[in-house]
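Asker: Let's have the full structure, built from the sequences with the hints guiding it.
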Amino acid sequence: MTQFLDLRIQPVGGGLATAVSVNHGTSIGDYAGLSLSDLQKAIQGRHVLIAAHGFNVNRADGIASLSNWESLLQLPPASAFIGVLWPGDSTWAHGLDYPDEPKIADDAGALLASYIDTNFQGAASVSFASHSLGARVVLGTIAHLNLPVRRLALMAPAIDDNCLTTEFKTAAAKVGAISVLASMKDTVLSEAFPLGNFFAGILDQGHPWWRAALGHCGPTKPWPENFQPPFELPDVWKFKHGDYLEIDKPEPPALPLPVDVPPQRSLPPGTAPPVEGWQAAFSSAFASTRFR
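Residues 3 to 294 (this note's numbering) are what the sequence shown spells out, left to right.
Hints were generated in silico from the structure; no laboratory data involved.
On a predicted model such as this, the values are computed, not experimentally measured, just so you know.
Every clue listed holds true.
Across the chosen pairs, the derived CB separations fall in these ranges: (1) PRO264 x LYS223: 19 to 27 Å; (2) LEU36 x THR222: 34 to 42 Å; (3) VAL14 x SER192: 24 to 32 Å; (4) PRO224 x GLY16: 37 to 45 Å; (5) GLN230 x SER37: 34 to 42 Å; (6) ASN148 x GLY17: 25 to 33 Å.
Think about it this way: if two alpha-carbon atoms lie no more than 25 Å apart in a straight line, the pair counts; the simulated BS3-like pairs of lysine-lysine are: (7) LYS187 x LYS240; (8) LYS242 x LYS187; (9) LYS223 x LYS187; (10) LYS105 x LYS171; (11) LYS171 x LYS223; (12) LYS176 x LYS223; (13) LYS176 x LYS105.
Glycine included, each C-beta is placed from N, C-alpha and C at the ideal position.
Answerer: Dropping the structure here:
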């Protein structure tokens with residue numbers, strides 16, 4: 003069963019909890035408490051990958067998507083996976099990065115950092131992955147964290163494209179290696195930035211307030227020294243915002259490792275066409291490759 007650090011008060015909506023609870027399960031039906039001692043035994047001496055879902059995700063969907071993604075991961079034997087559930091559905095108003103949801107994500111990061119620093123001392127290493135606005139949760143965690151961070155993978159990050167060298171420059175510098183998956187076909191990110199839909203059509207590219215999403219165009223240059231390209235998924239794949247942690251499609255077969263982002267104008271060998279639901283298999287194989 004997937005292990006979770008739960009930062010929610012309510013199953014749907016609601017605010018951020020004041021303390022982290024530890025649970026495990028693969029669906030809301032078998033979701034149950036787990037003792038801190040059992041969690042610490044599970045991560046003792048292991049390379050831990052902690053992953054956060056994105057915005058507009060309730061507890062049940064967070065459990066389903068992260069446990070499904072874990073089942074597709076191909077991490078080394080001495081590894082452990084932990085999902086993070088946070089109230090990314092508490093104030094969903096079609097603006098991915100402004101103005102209320104980032105505060106909840108930032109506060110979730112601070113709460114999570116304190117918990118990890120206190121209870122993950124026995125892990126061999128700590129790494130992070132995220133989808134969408136979960137990027138702000140994990141970057142905020144790293145910003146407050148005292149423990150070193152081995153790897154970071156940001157999938158379709160709903161955050162400014164320059165965040166690794168501006169707002170989260172200090173956090174990014176703490177990481178051994180940073181990876182990003184971005185898609186120019188992600189219409190959720192292309193239509194919601196900059197500053198959410200409220201300002202759509204008012205600000206144009208070049209305006210000092212204009213910012214693209216990191217998960218749409220990738221990071222602005224100059225890149226941090228610890229950034230690992232390539233990051234831009236081929237347009238012909240038509241990777242949408244929800245594809246990275248897809249749970250509505252049949253479970254695809256795991257892809258043989260190593261997996262990396264192919265050149266923009268090519269299809270991966272043997273793809274003609276991909277099996278349904280293959281995108282989650284790709285994102286998990288990519289993360290597995292980068293975390294080895």
